[in-house]
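When you get a sec, could you build the whole thing from the sequences and use the hints?
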Amino acid sequence: MRVSEASKRFDDHQVLKGVSFALAAGEAMALMGPSGCGKTTVLRLVLRLVDIEDGEVHLFGRNVAEADEEELIELRRRIGVVFQGGALFDSMSVGDNVAFPLYYCLGVKDRKAVSERVEEILTAVGLEGAERLLPAELSGGMRKRVAIARALVYRPQLLLLDEPSTGLDPITARLIDELVLKLKETFNVGVLMVTHDIVSALGVSDKISLMDEGRIVWAGTPLEWHESQDPNVLRFASGLRAVRRGERIEP
Amino acid sequence: MSNSDEKLSFISAIGRGIIAFLEVLGCYVVFAYRALSGLWRHTWSLRDLVEQLEKVGVGSVIMVSITSAFTGMVMAVQTLDQFLRFGAGDYIGGVIALSLIREMSPVLTGLVVAGRVGASMAAEIGTMRVTEQLDALKAFGLNDEVFVGAPRIVSSMIMLPVLTIYSFVVGIGGGYLYVVAHGVHQSTFRRSIEVLVDPYDVYGGLLKALVFGLIIATVACSEGFRAGNGAKGVGEATTRAVVWGDMLILTFNYFLSTFLFGGGG
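Quick note, the sequences are listed as chains P and B, same order. Going by my numbering, the first sequence opens with residue 1, and the numbers climb by one from there. Going by my numbering, the second sequence opens with residue 1001, and the numbers climb by one from there.
In case anyone wonders, no lab produced these hints; they're calculated from the structure. The beta carbon of each residue, even a glycine, is placed where N, CA and C say it ideally should be. Each hint should be verified, as a subset may be incorrect.
Claimed, not checked - Some, not all, of what chain P presents toward chain B, calculated at C-beta under 7 Å:
| hint | residue |
| --- | --- |
| 1 | L47 |
| 2 | L49 |
| 3 | I73 |
| 4 | R76 |
| 5 | R77 |
| 6 | V81 |
| 7 | G85 |
| 8 | A87 |
| 9 | F89 |
| 10 | P101 |
| 11 | Y104 |
| 12 | C105 |
This is the structure we're talking about:
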């Protein structure tokens, strides 16, 4: 994936101001930044859920903006997406949610094969036996895990995660991180994770980009992040550091 | 503000209203075209279609039954005395049947379904929109308007005529009970229906029901897709679905009645 000088405006608000980054196959990248800095808009541009205003997004060598309807469908079917709230289909059971892409994206007809695949992927995310539950009966962490299972069930080449640990307690958040890491290694998928959770970003990704006010203001590896004296990095990380020292965070 | 300025601002307000009205109608037409034209090109769920048939049809039976039975009875109450006074008691069954199949059954069924099912569709799709479920469908490479909209529109277009026939039968039953209880012989009632009601009246009523089915589901789905954020946005979309659905049913009923049963024909 390659995003070059991507810009996007909603009404009078310039959300993205020339964002550029690249992600190689099997690589994991965290796009970090404060709420409202445009992280989720980047994901939506990649999927062409919103149209790009300026710049380019290339997926698997294809310019997303120039793809016709059929090409766009093909591109999207190579990507697994985990939306912020999970976006599970309320009226379907967990099993049906996870089986959904197999039936409707891949057109698999063999119910037994689908059932086995669903069981396998639910076991991989630690939710064996949850097939019959409805999304309303799940905790936040379980919903995220079902969403990850649904995104991975048809073996995409790229996984997009929108705030996978938001709204979860720290223990569950780390379980989700471990799960993403394990699945990335098992299935060798590329991962683009949008988050403001520094622990998640450092734990899961091979590289980090920090966004602020619609721009990427810093990019590097997790190790470089630790050692960075960049004021943007320090400012973003200072809240976490102060909490670790038990200090009061100044507004 | 001078008198001419007031007149101008009044006229411009009317103009803005008309433009807004046409914009909304345009949205509905475009939505219906996209959803239905994509039926052959895009994936949709047969299971969803069956579920929608059940929701629109079976789910509306009780309300349609009550509405139709009492409407049939009220029509009998209102017309029986007058008809007997003018010696036209022999025609009472036919007149009730004609009113029901041409007007009351399609319109009442449409209004009942718009209130019950249209609101439910708009709320469901609006919630899907604000919880990113529609985006998830797109992310899976599906056309969300076809996947969500087409089964609802098709089921509504199938079930409205079915419910209209059912409403007609129940309404006739209600009228029959009242009329026969007030001294009109049952064979007279039945014969007058046979004499006055033409198959064309039935086809006309069913055509109206088909159009109302298209209107109800198109308006409801389109409003769901246009829902604003949060519970407020979903609530507003639901209200718009019912209001616009009812308004369009009544407006189209006038034009269809004029076209199908108008005096010039």
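Hints and how they fare:
{"no.": "1", "hint": "L47", "result": "6 Å, holds"}
{"no.": "2", "hint": "L49", "result": "5 Å, holds"}
{"no.": "3", "hint": "I73", "result": "4 Å, holds"}
{"no.": "4", "hint": "R76", "result": "4 Å, holds"}
{"no.": "5", "hint": "R77", "result": "4 Å, holds"}
{"no.": "6", "hint": "V81", "result": "4 Å, holds"}
{"no.": "7", "hint": "G85", "result": "6 Å, holds"}
{"no.": "8", "hint": "A87", "result": "4 Å, holds"}
{"no.": "9", "hint": "F89", "result": "6 Å, holds"}
{"no.": "10", "hint": "P101", "result": "5 Å, holds"}
{"no.": "11", "hint": "Y104", "result": "5 Å, holds"}
{"no.": "12", "hint": "C105", "result": "5 Å, holds"}
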